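J.: For reference, the chains in residue letters:
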Amino acid sequence: MTWLDLNRDLVLDLLGRHVRLAVPAVLISVVVAIALGRLAWRWPRVGTVVLGISGLLYSIPALPLLIVIPVLLSVPLRSETNLIVALAVYGTALLAGTAADAFRSVDERVREAAEAMGYSRTGLFWRVDLPLALPVLVSGIRVVTVSTVSLVTIGALVGISSLGSLLTDGFQRNIREEVATGVIGTMMLAIVLDLAIVAIGAALTPWQQRRTKKQKVVTA
Amino acid sequence: MGIEFRGVGKTYPDGTVAVADFSCTVPSHRTLALVGSSGSGKTTLMRMVNRMVDATTGSVLIDGRDVRDLDKVALRRSIGYVPQAGGLLPHRRVVDNVATVPILNGTSKTAARAAAMDLLTVVGLDHSLAKRYPGQLSGGQQQRVAVARALASEPNILLMDEPFGAVDPIVRRDLQDQLLQLQAELGKTIVLVTHDIDEAFRVGDEIVILKTGGIIAQVGTPQEIVAAPADDFVRDFVGTDRAERNLKTVDIDGKQVVVDGDDRPVGVLR
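Protein sequences, first through last, are from chains X and C.
Whatever position you read off the first sequence (first residue = 1), add 2 for this note's numbering.
Whatever position you read off the second sequence (first residue = 1), add 485 for this note's numbering.
It is worth saying that the hints were derived from the structure and are not from the lab.
This structure is a prediction, so every number in the text was calculated from the model and none was measured.
Built from N, CA and C at the ideal position, the CB exists for glycine as well.
Fair warning: there could be bad hints in the mix.
To be verified - Going by beta-carbon spacing under 8 Å, a handful of chain X positions derived as facing chain C:
(1) 115
(2) 119
(3) 120
(4) 122
(5) 133
My request is simple: use the sequences and hints to build the entire structure.
T.: Pasting the structure below:
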């Protein structure tokens, strides 16, 4: 692909920008969604309202959101902050429900026994609930990551550079290879980040691995 | 060290009365078995001791001190707790499960793990299991870990919530034997909750049989209860009329053989 050879530096630069937009947005989504999910798990009534509202946020069209956020937060329209906040809103909306499910997935017998042993409330959250919620949480984070990586491209429409810029530029100038590079690059980045999360998730939940291995041995 | 239930009751906000008015004393180094069907309030009573449930009336005293005056978390760490099946931390290796409370109390990880290994030996588990996760153990092994974990902080009191309820009868008997052996050496003050009257008879020094709502049907040693059931409820619960509890002796070749109500041999009288 000659176009790619000639524009390698540009593509790598845009790839870097794409990562710097997507990763913070995902991280913010994860933290906020865990907080909201925990809230919804702890107080189900409040939770229904909170999760309902966050679900509604997901239905806001992206372009208006990118115009409203600069007004609300007084950041420039073309700033990375603008896009990161918008993506974090979508990510949180997508993940909060899953986070609540993740906490609900923790075995009540385990929680109760841990409490009876003398875990404090914070200890219970960090050392029991959160680790045990990880398997469900990770599956949600994977969805958010892939969705965020692809949504980053929308920023190109308001002039926030990413691999999406290859799409807008390629369409305008009718360079097919450039559009293809933008599409394939975005997809590959999504796949790589997804695999990274799977690997991190597996490393953080070794007890799950062991169990599956054992089950395989048993059925073999 | 003794535990006293002084006129305790628990009424939930929706009006459900789990326990109406219960008084009982567990002397130090003795095992009290709380027996009853579901809804008898036996678990609620046990949970009052470590304040997993707070009594709405009356009080629970440990060594004369009202548990309500003690810090919940500190109180719970000072009491060994053996949960029902499935109460181990699934994401922690066996050795770390056992070391949990000492580490919460500030013991160094190395020291707590070394002590945990010794405890595995005490409850009869091979050290090769130490690095496994609870999910990789059998039900009986898991409950042995649970007992070791409860002993780790060297508590004076042990609370046991149907600890052997989910294992098969043979393993259950092994675990009960082991508990008796440990108790003979360690002399903890134990409150054990069970719905299994035979388990209560085997491990309890004193037994409280509960009716719905935490009402005491009878208190006594196993012998006293078998010899003189207080009423039809106790007779039915204990199974006094069941064939295996109706023993008689028959003379066979000069030996006094004990047989049950179905004439099945149980043993020989000496």
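J.: Hint validation: residue 122 (chain X) versus chain C, beta carbon distance must be below 8 Å. Holds or violated?
T.: Nearest chain C Cβ about 5 Å off; hint holds.
J.: Are residue 115 (chain X) and chain C close enough, Cβ to Cβ, to be under 8 Å, as the hint says?
T.: holds, 3 Å
J.: Does residue 133 (chain X) hold up as a contact with chain C if the rule is Cβ-Cβ below 8 Å?
T.: holds, 5 Å
J.: Using 8 Å as the Cβ threshold, decide whether residue 120 (chain X) counts as touching chain C.
T.: Since chain C brings a Cβ to about 3 Å from residue 120 (chain X), closer than 8 Å, the hint holds.
J.: Hint validation: residue 119 (chain X) versus chain C, beta carbon distance must be below 8 Å. Holds or violated?
T.: Constraint on residue 119 (chain X) satisfied, holds at 6 Å.
Hint check: no violations occur; every hint is consistent with the structure.
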